[in-house]
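Each residue of the sequence shown is one higher than the one before, counting from 290 in this note's numbering.
Be aware that one or more of the hints could be misleading.
[What the hints assert, rightly or not] Calculated cross-link-like contacts (lysine-lysine; reagent style DSSO-like; alpha-carbon spacing at most 27 Å):
#1 K649 - K701
#2 K383 - K351
#3 K625 - K679
#4 K630 - K664
#5 K383 - K684
#6 K488 - K586
#7 K586 - K622
#8 K679 - K438
#9 K625 - K703
#10 K586 - K438
#11 K383 - K357
Please keep in mind that the hints were generated in silico from the structure rather than gathered at the bench.
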Amino acid sequence: MGKNVSDDSNYFSTLALLIFIVLIIVTGVLLYTMRSQMENDVVESYLNTKINELELELQKSKETSEHKSIYLANMSHEIRIPLSTILGMVRMLKNTDLDIDQKAQVEIAEYSSEHLLQLINMILNNSKGLDSDLTLESVPINLKADLTKLFKIFEYQAWEKGLEFGYEFSVDKKQDFLLLGDMGKIQQVLINLVNNAIKFTNSGKVSITIDHTVTYDNLQVVSFYVKDTGIGMSSYEQQHAFNAFEEKNSNHVKHYRGSGVGLSVTKKLVALMGGELKFESKENEGSTFYFSLQLQKTLSVIVEPPKEKPILLNKFDFRFNVLVAEDNKMNQKVIKFLLEKHGADCTFVTNGLDAVNLYKVIDYDMIFMDIYMPKINGYEATKIIKNSDKYAKNKIPIVAVSASAFEEDIEKAKAAGVDDFLAKPIDNQKLNSVLKKYALKKEEQAS
Numbered sequence: 290m291g292k293n294v295s296d297d298s299n300y301f302s303t304l305a306l307l308i309f310i311v312l313i314i315v316t317g318v319l320l321y322t323m324r325s326q327m328e329n330d331v332v333e334s335y336l337n338t339k340i341n342e343l344e345l346e347l348q349k350s351k352e353t354s355e356h357k358s359i360y361l362a363n364m365s366h367e368i369r370i371p372l373s374t375i376l377g378m379v380r381m382l383k384n385t386d387l388d389i390d391q392k393a394q395v396e397i398a399e400y401s402s403e404h405l406l407q408l409i410n411m412i413l414n415n416s417k418g419l420d421s422d423l424t425l426e427s428v429p430i431n432l433k434a435d436l437t438k439l440f441k442i443f444e445y446q447a448w449e450k451g452l453e454f455g456y457e458f459s460v461d462k463k464q465d466f467l468l469l470g471d472m473g474k475i476q477q478v479l480i481n482l483v484n485n486a487i488k489f490t491n492s493g494k495v496s497i498t499i500d501h502t503v504t505y506d507n508l509q510v511v512s513f514y515v516k517d518t519g520i521g522m523s524s525y526e527q528q529h530a531f532n533a534f535e536e537k538n539s540n541h542v543k544h545y546r547g548s549g550v551g552l553s554v555t556k557k558l559v560a561l562m563g564g565e566l567k568f569e570s571k572e573n574e575g576s577t578f579y580f581s582l583q584l585q586k587t588l589s590v591i592v593e594p595p596k597e598k599p600i601l602l603n604k605f606d607f608r609f610n611v612l613v614a615e616d617n618k619m620n621q622k623v624i625k626f627l628l629e630k631h632g633a634d635c636t637f638v639t640n641g642l643d644a645v646n647l648y649k650v651i652d653y654d655m656i657f658m659d660i661y662m663p664k665i666n667g668y669e670a671t672k673i674i675k676n677s678d679k680y681a682k683n684k685i686p687i688v689a690v691s692a693s694a695f696e697e698d699i700e701k702a703k704a705a706g707v708d709d710f711l712a713k714p715i716d717n718q719k720l721n722s723v724l725k726k727y728a729l730k731k732e733e734q735a736s
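Please put together the full structure from these sequences, using the hints given.
Written out as structure tokens, the structure is:
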């Protein structure tokens, strides 16, 4: 019996020991699990905090980008207003009786003003190119005619630095058709490249070649080359040429080829049009930037425009009675001079509300509507007039006039119901076309 008691005692002791060991293990597992859970909670809390911080930083970055775009848009608009007035007055002066020296001086002023206007547009376009999606137009273009005027703007800039400047169009003589493309984007690319070429060339030459001799079925391959004898680029600069906002030390900044935003957006624009921007460069010898585009042919034939004398509307049996909504006094003088020269009688108001109220009580043949005005802007004024009973009975053309002439401005104006869009400074030839178009319609109605 004593032996049984001893065995039972050993059994319970062993069982107690096993239970104790199990409890220790379970306790250890529980403690490990709790610790892991606590660590996971800490990690999760840390990650959530970091995610929230990153989201806040991203939101701040977006807001900063939006504010920058708005600031640049406002600044460029404010600069374009007086600049367009200057350019308008210079063009009017150019059409007066000047001697040879005076004409040359006025042309220099005109080219310089146009160049400054292009630079302002380039700055805003580059900003938009980084901050927003870009759309591509496909309209008939005449490369030689459209680009020749652009290159003439740079002739004076190169001459001012003592550089040779040349441009050449290598065209198949049989090519007498227009091409489909986005001339605005092509011009922006060339403005960026030619500006850089002139800026970084202290002596020698800047040359541009447009080669469109290669044809595939209904496609025309157009190659663009911008070559200079400037400072060129080092191997480091070539590696980072297309990196926007690349961090560079002061030595690289001093001689770096204006890459940053300019070349980054230029490369993006070329890619958008289906090409690839490439370059060859040797330090202290110069650089060549080039790209090719495949542009579709059109059935439209290139016709050299005849040299026309200004169209005078008073050759018709009536005069135009025009309402002009324009809040800038200097712009009023330019528009008044242009319209009266074409036989129009002008009435001016300085805001959209006055334009609407005056339209209600006086009959006009046409309205020229500035877009950005106090009280009611041009968009709203156009909508009110177009929705009126008076307009339904007698529809007259409304022409938007604005220093902001980017794609979104034109599309917004069309959505508001304008019939035509003229960019400031008003081009006399485009004004002729608009006035002639609606004058002929009125003459047909009168007969």
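Now the hints, each set against the structure:
In summary, the hint linking K649 to K701 is supported, as the alpha carbons are separated by about 24 Å, within the 27 Å threshold. Only pairs whose Cα atoms come within 27 Å are accepted, and K383 paired with K351 is rejected, the gap being roughly 46 Å. Proximity of K625 to K679 is assessed by CA-CA distance (about 26 Å); at most 27 Å being required, the pair is judged to hold. Under the criterion of a C-alpha separation no larger than 27 Å, the hint pairing K630 with K664 is inconsistent with the structure, at around 30 Å.
Our distance criterion of 27 Å between C-alpha atoms is broken by K383 and K684, whose separation comes to about 36 Å. Restraint check: the Cα-Cα separation between K488 and K586 comes to about 35 Å, which exceeds 27 Å; the hinted pair is violated. Restraint check for K586 and K622: not satisfied, since their Cα atoms lie roughly 42 Å apart, outside the 27 Å limit. Straight-line distance between C-alpha atoms of K679 and K438 comes to about 43 Å, which puts the hinted pair past the 27 Å bound.
Only pairs whose Cα atoms come within 27 Å are accepted, and K625 paired with K703 is accepted, the gap being roughly 24 Å. For the given pair, K586 sits about 22 Å from K438 by alpha-carbon distance, which is consistent with the 27 Å threshold. The suggested pairing of K383 with K357 is violated, with an alpha-carbon distance near 38 Å, which exceeds 27 Å.
Figure legend: structure checked against the earlier numbered hints; hints not met, in rising order: 2, 4, 5, 6, 7, 8, 11.
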